[in-house]
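Residue numbers (numbering that gives the first Met the number 0), protein chains in the order written: chain B, 0 to 213; chain P, 0 to 288.
It should be emphasised that the hints constitute simulated quantities derived from the structure, not laboratory data. In this text, a Cβ means the ideal position worked out from N, Cα and C, and glycines have one as well. Mixed in with the good hints, there may be bad ones.
Examples of chain P residues lying across from chain B (beta carbon under 7 Å, computed) [claimed, not checked]:
1. 2
2. 15
3. 23
4. 44
5. 64
6. 79
7. 124
8. 199
9. 201
10. 209
11. 210
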Amino acid sequence: MENVTYSYEKGYGVKNVNFTIDDAEFTFLIGPTGAGKTTIMKLIYMALIPQSGVVTTGRFRSDKIKKRKIPFLRRSVGMIFQEYHLLRDRNLYENIALPLYVIGTRHSEIEDRVENMIDQVGLVGKEDHTPDELSGGEQQRACIARALVKDPEIILADEPTGNLDPITSFELLKLLEAVNHEGTAVLMASHNYNLIKGRGHRIMEIQQGLLRKN
Amino acid sequence: MLDRALFLIAEGFRNLLRHKLTVFAAVFSVFLTMIIIGSLFIVGKNTNKLIYYLRTKYKIEVFFEADLAKEEALDVVKQIESFPGVRNTTFIDKENATKIFKKQFGENILDYIQRNPLPMSCVINLNRTGDYELDIMPIVTRIESLSGIDNIEHQGKLIQRIEGFHNRFTTIFSVVSIGIILITISIISNTIKLTIYAKKDLIQDLHIIGATNAFVKVPFLIEGILQGFIGSFIAFLVLSLFLQIGNNILTQFSSMTIRMDPAAASWMLLIGISISFIGSLRALARFLP
């Protein structure tokens, strides 16, 4: 992000933010609720376009991208949310397979990739379960699998542990670290400092839309 | 690419099961519309058949003056034959008129009256213009202008009434059908809008994972096509059943039967699918411009 500013009609947003995330880097974005963490995430996957400055995600620049190209940018970004955003009328397998259909993966390849991913996040045997039949931790693992299955360049995790108990949160963080170890960059937003301290990763702190510490 | 297309088609089918309530509402709307349009179709087609039949039966009967010589009468008949719209003529001289009288009444008129009082006449058959409205009056006016004509019998007024009824029916049929189609498109659009509104989280999630608008839209459109097909197919089956029952009752009183044109089934399906497809397109254009 280069000198990025975005403000909502009711104020706040982010102001003059600058940072870069390298390939395979694990970065925490911390700050209190309403500080601008989600706004930064949305700017990266271009749900918001900055009012000034430029966001570059992979080969896409916010000042040059056409609206119809935004879906292609999002195919290189895996997103994980506090509220999961799994499709409730589909089972675990279908939820994880969906991004592969979106990017046009061959049907014969999809089955292998989805099963590998379910195995990787430890949800074998739950393929036929709908999100409502999974625990919070399992739903968040399913979200990680859905984000990872398309081999993204970066994972954006917006408060992924917000609805989870401390033990499940810690397991999830370890899972994201494992993903990062395989070479995928991770940007994880959190307001739980106890969870992230001492993990040896870069920490960015945002307060009232301003990046205080990087 | 092919796998993705097959997936989207399959999603359209699966959506029928996922959105049961709204699918029922949309299918029911199409069904009711197609019952009304289908009924109008059947009535329209059968009225057309009747009109066509009546048009081929239109004729004019001309009676000649009593003192006109047979040769003169035949000259007049020749002139009438040359008029546009006249298919052929049948000249009936006095002797033939007597035979017809005897055939019809079983008595020979000459047994009661010394001279033959029956006039020479001519039956004029008109061109079988079953496909077009027939205006008999110009031919009648031209015949009236000829000399030697005593009387002209024709069904001009009846024809005008039948043609007038047919024209009014065609206009009402068109207006009512267009009205119903527009109302249904609006109902289906709103039904699908509700479906889409209920699924706005799903659409947002699809966008988040990189789905294009086309990827989101196609299953909804396929769902719309299927709703149209199901609604109009059920309407076709119900109408066929009603026709069958109706004809079974009708044949007890008359030899007439009401038929559904084989092409009507295809039209009903085409109209039903089009209504539903346009309704889906309208709804999607509002939510996913």
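Against the earlier hints, flag every one the structure doesn't satisfy and list their numbers going up. 2, 3, 4, 5, 6, 7 and 8
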